[in-house]
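Engineer: Chain residues, written in single-letter form:
Number of protein chains: 2
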Amino acid sequence: MDLWYTEKHSENVGITLKATRSLFSGKSEFQQLDILETVEYGRMMLLDGLVMVTERDEFVYHDMITHPALFTHPAPKKVLVIGGGDGGTIREIMKHPGVELAVLCEIDGLVIEKSIELLPSMACEIDGRNPRVKLHVDDGIAYIREHRDQFDVILVDSTDPIGPAVGLFEEDFYRLVFAALKEDGIMVAQSESPFYHAEIQKSMYGNLRQVFPIVEMYQAFIPTYPSGLWSFAFASKKYHPVRDFDRARAKNRGFYTKYYNEELHLGAFMLPTFARENIAG
Amino acid sequence: MDLWYTEKHSENVGITLKATRSLFSGKSEFQQLDILETVEYGRMMLLDGLVMVTERDEFVYHDMITHPALFTHPAPKKVLVIGGGDGGTIREIMKHPGVELAVLCEIDGLVIEKSIELLPSMACEIDGRNPRVKLHVDDGIAYIREHRDQFDVILVDSTDPIGPAVGLFEEDFYRLVFAALKEDGIMVAQSESPFYHAEIQKSMYGNLRQVFPIVEMYQAFIPTYPSGLWSFAFASKKYHPVRDFDRARAKNRGFYTKYYNEELHLGAFMLPTFARENIAG
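Chain order of the listed sequences is X and S.
So the first sequence is numbered by my numbering: it starts at 1 and just counts up by one.
So the second sequence is numbered by my numbering: it starts at 1 and just counts up by one.
Same shape as in the complex, but just chain X:
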């Protein structure tokens, strides 16, 4: 069978990938979950028909949602991930030996369960064996409302602002994140494609600037995401990701990162003109 999966990135353009088989297809309380085996990108997880991660290019997203914040904060000990049920972000956090506790708060237990079963290279640290990792199957907003002054870093590893993640792009949520962070805490959130999602970015960065004194955008290339150019919002109470970055600590990190490195950390914040314009204050 010649099976191709096509994701429309807009009404008029998409990516198409040859697949060999479906490993799982089912509906949770929150969304449709599919895991396909593709020829070029390995196993691929889709939520409501949108590509979330693939085995071949997940290293970019997970390096870049994690390491810029964890190498800007001088000593992150307690980290919260909202979303990220595939486990890739937790895997990267665990590479930092100074982190004492990483909490994963994912709304959809089925995503965690199927990732452990079918995406072990990502879910390797969320299978219950690592005492530095705690899982909560819960709504991120409800969870964060109950925590004050607790986390050094919060990573918002969400889907697009449709469906269950819509609240994660609003000012009220960022106020809860601000309160849940310690006095020198940092939040990073995925912030869509500068090429396709200018309006979402404008609104999201406007909301963040109402709450955090330091708000910067940085970029990464993710082949299976719309346009290939993706972005992250870096929102911080005290540390600036470029001016306060300790390049030597990042250089001597002692573990391999296939995308992130101490030079790229700085380069990622140097944006194309049109991306700057999307979030001009």
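No lab work stands behind these hints: they were computed from the structure.
Keep in mind that the hints are not guaranteed to be accurate.
Pairs count within a copy or across copies, as identical chains cannot be separated in the list.
Claimed, not checked - Only pairs whose alpha carbons sit at most 25 Å apart, straight line, appear in this in silico DMTMM-like list of lysine to aspartate or glutamate:
id: 1; residue 1: K8; residue 2: E40
id: 2; residue 1: K238; residue 2: E263
id: 3; residue 1: K95; residue 2: E277
id: 4; residue 1: K182; residue 2: D138
id: 5; residue 1: K202; residue 2: E40
id: 6; residue 1: K251; residue 2: E37
id: 7; residue 1: K134; residue 2: D184
id: 8; residue 1: K95; residue 2: E263
id: 9; residue 1: K77; residue 2: E183
id: 10; residue 1: K78; residue 2: E113
id: 11; residue 1: K258; residue 2: E216
id: 12; residue 1: K18; residue 2: E199
Model the placement of chain S on the given structure of chain X, informed by the hints.
Structural biologist: Showing chain S alone in chain X's frame:
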């Protein structure tokens, strides 16, 4: 009619774009040329079925093949473009008032002719009216063999290393380019996708290092190209693109660039780890 054009970026993955009509389809002496009207990306030119340029994202490629070299060289006056028959690179060069002459050497006259007719936003400076622009419909290798110590900058705006462009990735060609450049000259050449074309990059950068004392890779994101992550080789006799870059001159450039800017110039050379590894010497 619901018309979709799908380009395979490898045997197993591709991009698919909704088109409304074909504006031109024909065969030259060298290749198959098609120009389609797409909904998302405007007019799109294909050579042998591969996307060369689209109206919506061509600004990235043309900014990035042109301005890094022209803002690294302190006073470029004479510039040669090999390939680039759509005219977009010449258009960007013409924004530099210090350039006295830009020569376009394109092997395929049909590409020039149809670009002038159907892609006027790119071909606006190659229609014969600008006395600072000269066109040669000729093989780039033959042309460059006849020139010595002539150009400040040579931009190799080629197709992939298959078909007519294959010679443009070889050491013999780079020796001719070196000879055609003045003693402080710079060459920039498109150098494929770090994500899909590791082997081509390894060979190409190895060849360049046999010839030029300074060889660096830089990156740009181009949504319609394979993986979205594209690269350029910067090969130079004297000026280093980061250490010798005059940021103030680039900042005060006096014209708008939708992708390039003086910060991005530096950031573009800060590469992901896997891209560095492709060209590790």
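Engineer: For each hint, tell me whether it holds in the structure or not.
Structural biologist: Here's how the hints hold up against the structure:
{"no.": "1", "hint": "K8 x E40", "verdict": "both (18 Å within a copy, 12 Å between copies)"}
{"no.": "2", "hint": "K238 x E263", "verdict": "both (22 Å within a copy, 23 Å between copies)"}
{"no.": "3", "hint": "K95 x E277", "verdict": "between (35 Å within a copy, 21 Å between copies)"}
{"no.": "4", "hint": "K182 x D138", "verdict": "within (22 Å within a copy, 65 Å between copies)"}
{"no.": "5", "hint": "K202 x E40", "verdict": "between (34 Å within a copy, 21 Å between copies)"}
{"no.": "6", "hint": "K251 x E37", "verdict": "neither (35 Å within a copy, 47 Å between copies)"}
{"no.": "7", "hint": "K134 x D184", "verdict": "within (23 Å within a copy, 59 Å between copies)"}
{"no.": "8", "hint": "K95 x E263", "verdict": "within (19 Å within a copy, 31 Å between copies)"}
{"no.": "9", "hint": "K77 x E183", "verdict": "within (14 Å within a copy, 55 Å between copies)"}
{"no.": "10", "hint": "K78 x E113", "verdict": "within (24 Å within a copy, 62 Å between copies)"}
{"no.": "11", "hint": "K258 x E216", "verdict": "both (23 Å within a copy, 19 Å between copies)"}
{"no.": "12", "hint": "K18 x E199", "verdict": "between (32 Å within a copy, 23 Å between copies)"}
Taken one by one, the earlier hints fail for this structure only at number 6.
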